[in-house]
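Protein chains: 2
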Amino acid sequence: MEFQLNATAPGSAARAGLITTDHGTIETPIFMPVGTVGAVKAVHMSELRDDIGAQIILGNTYHLYLRPGIDIIGQAGGLHRFNGWDRPILTDSGGFQVFSLAANRKLTDEGVTFRSHIDGSKHLFTPERVVDIERAIGSDIMMALDECPPGTSDYNYARRSLTLTHQWLQRGWDRYTHTEPLYGYRQAYFPIVQGCVYPDLRRESAKFVSDLGADGNAIGGLAVGEPTEKMYEMIEVVNDILPQDRPRYLMGVGTPANILEAIDRGVDMMDCVMPTRNGRNGMLFTQHGVMNMRNRKWADDFSPIQEDGASVVDRMYSRAYLRHLFIAQEILAMQIASIHNLAFYLWLVKEARKHIIAGDFKTWKEEMVINVQRRL
Amino acid sequence: MEFQLNATAPGSAARAGLITTDHGTIETPIFMPVGTVGAVKAVHMSELRDDIGAQIILGNTYHLYLRPGIDIIGQAGGLHRFNGWDRPILTDSGGFQVFSLAANRKLTDEGVTFRSHIDGSKHLFTPERVVDIERAIGSDIMMALDECPPGTSDYNYARRSLTLTHQWLQRGWDRYTHTEPLYGYRQAYFPIVQGCVYPDLRRESAKFVSDLGADGNAIGGLAVGEPTEKMYEMIEVVNDILPQDRPRYLMGVGTPANILEAIDRGVDMMDCVMPTRNGRNGMLFTQHGVMNMRNRKWADDFSPIQEDGASVVDRMYSRAYLRHLFIAQEILAMQIASIHNLAFYLWLVKEARKHIIAGDFKTWKEEMVINVQRRL
Chain A
1 MEFQLNATAP
11 GSAARAGLIT
21 TDHGTIETPI
31 FMPVGTVGAV
41 KAVHMSELRD
51 DIGAQIILGN
61 TYHLYLRPGI
71 DIIGQAGGLH
81 RFNGWDRPIL
91 TDSGGFQVFS
101 LAANRKLTDE
111 GVTFRSHIDG
121 SKHLFTPERV
131 VDIERAIGSD
141 IMMALDECPP
151 GTSDYNYARR
161 SLTLTHQWLQ
171 RGWDRYTHTE
181 PLYGYRQAYF
191 PIVQGCVYPD
201 LRRESAKFVS
211 DLGADGNAIG
221 GLAVGEPTEK
231 MYEMIEVVND
241 ILPQDRPRYL
251 MGVGTPANIL
261 EAIDRGVDMM
271 DCVMPTRNGR
281 NGMLFTQHGV
291 MNMRNRKWAD
301 DFSPIQEDGA
311 SVVDRMYSRA
321 YLRHLFIAQE
331 ILAMQIASIH
341 NLAFYLWLVK
351 EARKHIIAGD
361 FKTWKEEMVI
371 NVQRRL
Chain B
1 MEFQLNATAP
11 GSAARAGLIT
21 TDHGTIETPI
31 FMPVGTVGAV
41 KAVHMSELRD
51 DIGAQIILGN
61 TYHLYLRPGI
71 DIIGQAGGLH
81 RFNGWDRPIL
91 TDSGGFQVFS
101 LAANRKLTDE
111 GVTFRSHIDG
121 SKHLFTPERV
131 VDIERAIGSD
141 IMMALDECPP
151 GTSDYNYARR
161 SLTLTHQWLQ
171 RGWDRYTHTE
181 PLYGYRQAYF
191 PIVQGCVYPD
201 LRRESAKFVS
211 DLGADGNAIG
221 GLAVGEPTEK
231 MYEMIEVVND
241 ILPQDRPRYL
251 MGVGTPANIL
261 EAIDRGVDMM
271 DCVMPTRNGR
281 NGMLFTQHGV
291 MNMRNRKWAD
301 DFSPIQEDGA
311 SVVDRMYSRA
321 YLRHLFIAQE
331 ILAMQIASIH
341 NLAFYLWLVK
351 EARKHIIAGD
361 FKTWKEEMVI
371 NVQRRL
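Line by line, the protein sequences are chains A and B.
Our numbering numbers the first residue of the first sequence as 1 and each following residue consecutively.
Our numbering numbers the first residue of the second sequence as 1 and each following residue consecutively.
Simulated from the structure, these hints should not be mistaken for laboratory data.
Fair warning: this is a prediction, and the values are worked out from it, not measured in the lab.
Take the hints with a grain of salt, since some may be wrong.
When chains are identical, the list treats them as one kind, so a pair holds in a single copy or across two.
List time: in silico SDA-like cross-link candidates among lysine to any residue, alpha-carbon distance up to 20 Å [what the hints assert, rightly or not]: (1) Lys230 - Asn281; (2) Lys297 - Arg67; (3) Lys297 - Ser116; (4) Lys297 - Ile72; (5) Lys350 - Arg115; (6) Lys207 - Gly24; (7) Lys207 - Gly84; (8) Lys41 - Asn281.
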């Protein structure tokens, strides 16, 4: 994997770059749609490519490991062959999902033992095992196993957790550097900065992560309950230390405004279930603000969903029709909203990139942050 | 509406024809996907047109009347304008749905009073009112309000029911002939033959219906619990009487084998929720037989869903991947299966038409009826 820095924005830490993988290039900043089990919910692969313009999608190691299982993905020749997506794929380590299981997991120095949310069966994830699984999945970018403590963790817990996370990072890194890809193309391994909302822990973690010399680095454990301003502060603290010449991936973030603020602070990659999950519940994100499509105000608004929208569905269906589909609980409503929201997120980062290169990112962003937060 | 008869099959009552409406032509025999509330479940309008090749879709008067409501559809300028489907639309009268409400409806000579399945509100459908509603919906083919008795009705009930249905047909017909379309294009009105499984009632009804001189005629009250052979027998009895020069629509039927047997007996139009409903449950219909995609046997079958299938999804996704999507309860599974099944049904009637014109329909059909009923 290579990363080429094309431009930085005046008065901002925002950067425009290009990631090259063996499955193609990725223009940064980029938003990555989430395809947890190897499919982005309610979206065809052709729509993802042609209507949304996704350049890279996520898969989740925990979910794929449980279903369809690593033997099936291995027999298929990796996830790309299994799901037919021929552009880059990044896999979450599953750490976040495992720690969400709360009562059904047990943490030791060795790793984490957990019970499947599907059938209650018992499993062990170690940093090494997760690398092996991600090798079998064949993701272009593999994420390290870490502990992701809640945003409300106290300093002592955060401290202990970080020590464990760093041990795990080192063990995962060792496994990564001593194993080869299974399918003939390169796989990068991204370590993850943790440290909750404590600047000294974040700095220590950013230093530790930087020293590994990975192809790219991630910032985890944010947008997990802490105040938004704290999140922005932590991004700044960490990005001051992370190497300039490697992409920085902010995990699980966020709203359109969060995306813009993260880009402004030097983040290159982001993912979030928000455009698809909120879309399925009737929330549309647009460059003019947020629309709750279940609202009665759209019942007789026969204008297109968004006349100047980024996706074909924006002009194919009216607001009144989409509202009707949501009220009648039609699957098509979720399909339309998912395509619209993902196309908007991809449009947003593409515009950001244009303005970074043009040199007017900062003014464009300040205005756009206000627009996207309006209630329509 | 015009109907042109292009060919009849030797040794069969099967016919190939062409229906011309103000929203375009329909090649018969035709299968019509069901879009109950103005959307075919889990299918985009563009997929319906381009991937499935639907020539006409159904809407349901009962459902559209309740949601989004006739004032909204009227304000939109009719259902075509509301949902963006610019090819022909046929609307069910809603009689079948109302009678399915059982405890929540009351039948009188005037019409049927029912409570909404959504909010319990009380409504009255009369034959005249249903014509008015279908005028507001603007369907190209409007179905008459009838009583649809259960397939197990005794002779006396069937007799009384038929008398009422014929009174209603006459009243609906009078309303139809004394009113004008609202949106500048023509609307046909199809009366419906009833009579349960009693040949004399079916004959009487077919005669009554034929005498109205409508643009097309429907056969209702079949596939509602009676033996399949009875259904085929009733189709023969009725089609012996219905005029040759008007299309014949068999309502709510059926499996691929039912479709072929109906075509063989001179039916021109069919609709059914089976391809979409069974598809959402994991059942795929193909020209080689039926596949239950939840079956473990597909887990490691990485071949395309159907190499020689009629739809793009057939080669876009593998059986193993589709099986995984069903097991993981992904919406995309339902989308893929719905497109596949509808494309197959449309392919089946198109092939039937080709063979009717080529003169070898009967032998083709006998073989295909066996193939489509295999369990794969």
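The hints, checked one at a time:
Proximity of Lys230 to Asn281 under the C-alpha cut-off of 20 Å is found in neither arrangement, the shortest distances being 28 Å within a copy and 46 Å between copies. For the identical chains of this complex, Lys297 and Arg67 are inter-copy neighbours only, at 15 Å across copies versus 42 Å inside a copy, given an alpha-carbon limit of 20 Å. Taking identical chains as interchangeable, the C-alpha atoms of Lys297 and Ser116 are never at most 20 Å apart, the minima being 43 Å within one chain and 23 Å between chains. Taking identical chains as interchangeable, the C-alpha atoms of Lys297 and Ile72 lie at most 20 Å apart only when they sit on different chains, with a minimum of 12 Å there against 48 Å within one chain.
Proximity of Lys350 to Arg115 under the C-alpha cut-off of 20 Å is found in neither arrangement, the shortest distances being 40 Å within a copy and 51 Å between copies. Taking the closest pair of Cα atoms, Lys207 and Gly24 never come within 20 Å of each other, the shortest separation being 30 Å inside a single copy and 68 Å across copies. In this homomeric assembly, Lys207 and Gly84 never come within 20 Å of each other (Cα to Cα): the closest approach is 38 Å inside a single copy and 56 Å across copies. Taking CA atoms no more than 20 Å apart as the test, Lys41 paired with Asn281 passes in both settings, with 13 Å inside one copy and 17 Å between copies.
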